[in-house]
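Whole structure, please, built from the sequences with the hints as guidance.
Listed here are the chains, written in short residue letters.
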Amino acid sequence: MSLWEYANPVKFLRLSERVLPWFWGLSAMCLVVGLVWGFFFTPDDFRQGSTVKIIYLHVPSALMAINAWFMMLVASLIWIIRRHHVSALAARAAAPVGVVMTLIALFTGAIWGQPMWGTWWAWDPRLTSFLILFLFYLGYIALWEAIEDPDTAADLTSILCLVGTVFAVLSRYAVNFWNQGLHQGASLSLDKEENVADVFYQPLLVCIAGFVCLFFALVLYRTGTEIRVRRTRALIAREGKLA
Amino acid sequence: MRALLIRDLRLALRAGGGFGLGLAFFLIVVVLVPFSVGPAPELLTRIAPGVLWLGALLACLLSLDRLLAVDWEDGALDLLATSPLPLEGVVAIKAVAHWITTGLPLVLAAPVLGVLLNLAPAGYGVLVLSLLLGTPALSMIGAFGAALTVGIKRGGLLLSLLVLPLYVPTLIFGAEAARRGAEGLDPGTPLLMLAGITGAVLALMPFAAGAVLRVNLR
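So the protein lines, in turn, are chains A and B. If you read the first sequence in numbering that gives the first Met the number 0, its first letter stands for residue 0, the second for the next number, and so on. If you read the second sequence in numbering that gives the first Met the number 0, its first letter stands for residue 0, the second for the next number, and so on.
Do not rely on the hints blindly, as some may be mistaken.
If you want the ones that stay clear, here's a sample from chain A, every Cβ over 10 Å from chain B, calculated [said to hold, decoys possible]:
1) Leu134
2) Asp154
3) Leu161
4) Ser170
5) Val205
Covered stretches of chain B, as calculated for chain A (at least 3 residues, CB under 8 Å) [what the hints assert, rightly or not]:
6) 54-65
7) 104-115
8) 169-175
No wet-lab data here; the hints were simulated from the structure. For clarity, every value in this text was computed on a predicted model and none was experimentally measured. Don't be surprised by glycine CBs; every beta carbon is placed ideally from N, CA and C.
What follows is the structure, given as structure tokens:
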């Protein structure tokens, strides 16, 4: 019994069908509890007022935007090294989810930035590197869409993902050099003195858990869809030959 | 290797090779900038290093889709793949040829166009140096992008979408070095970073591009 058994699409589908309802349910529960708790049962910040509540969407989506790319990187590596089709399809399935997360983070950031910094957008290093991440996502998805042969597409996109990761990280630190920022530093580290106050921290953790479950549910669901689409195509091709 | 380099250079320089197009494009971009932002000399002086870098980058991008596509269409790439030279070497040589025919003329033309944009006198040396260090990376990254999209019909737009985000670090450090040079500050750090990026790209990117090309030739 090893993890690699689930590289078999049949086993993968069986497992994902079993766990999917749990992920959907958990993510719905966490999101409802976290957001309601965050929006209605936490005090307003003494400086930011009620705008602080955007944090419950902004931080989890930004976290998942980066982690989605990281998951695509791992899936691409597995595809290059072990050539499991499920892995390549999972990377493909994660990309649009990552784009949406990036967009949510950018939009909520703009809405938050307007009252706090007096501007929708600033060329701050964090904001800029998120925009660049968004461009990387777009290129990755466009490459998937442009190539017909699925194996070629999987190979090319996974190499693009590896190269893109290097350049995304490089850009992340290059923009630091280029402009100093408005955005605050990390405020959720486990080892730092100065963190978000507990009243905001606890619902935020619940929201993050909700986003993580939502991401897993969406990726599993979309991967299942991709597998079925490919199966249908194979069936049509076979039946077409018979007829 | 040398034979391939000479062949590519000769093809590019002969009629129909498109040599000089990038240069003309660079000229046009630079000429259009004062029309769009106004001819005030102090404004032009301030944006000159950035505009020159961006123009050079776009001119470089323009010629990328010819880098491998021509050889792909007439089957020369298949022959090159069966030659004793590994594909990594083929791609690297093609990038070098692209740099000599596109990047190097841009580097040489940049100071002349700098006059049009009222570039500060102190900036010329650093501008040329930064372009000289940066453009090889642009060609090599572009060769990777060209290898990715070589099998796609009308892949030119996709090529730009894939390559432009990869150009971000090079552009940041290159333009920053040129700006510091023009303002009389010390451009050492960004120049070193730029050289580091170019060195790493030249060392590693041929392998990525070769792997991609091998997939496309399968």
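Worksheet entry | Violated constraints from the hint list, given by number and in increasing order | Going through the list in order, the structure violates hints 1, 2, 3, 4, 6 and 7 and respects the others.
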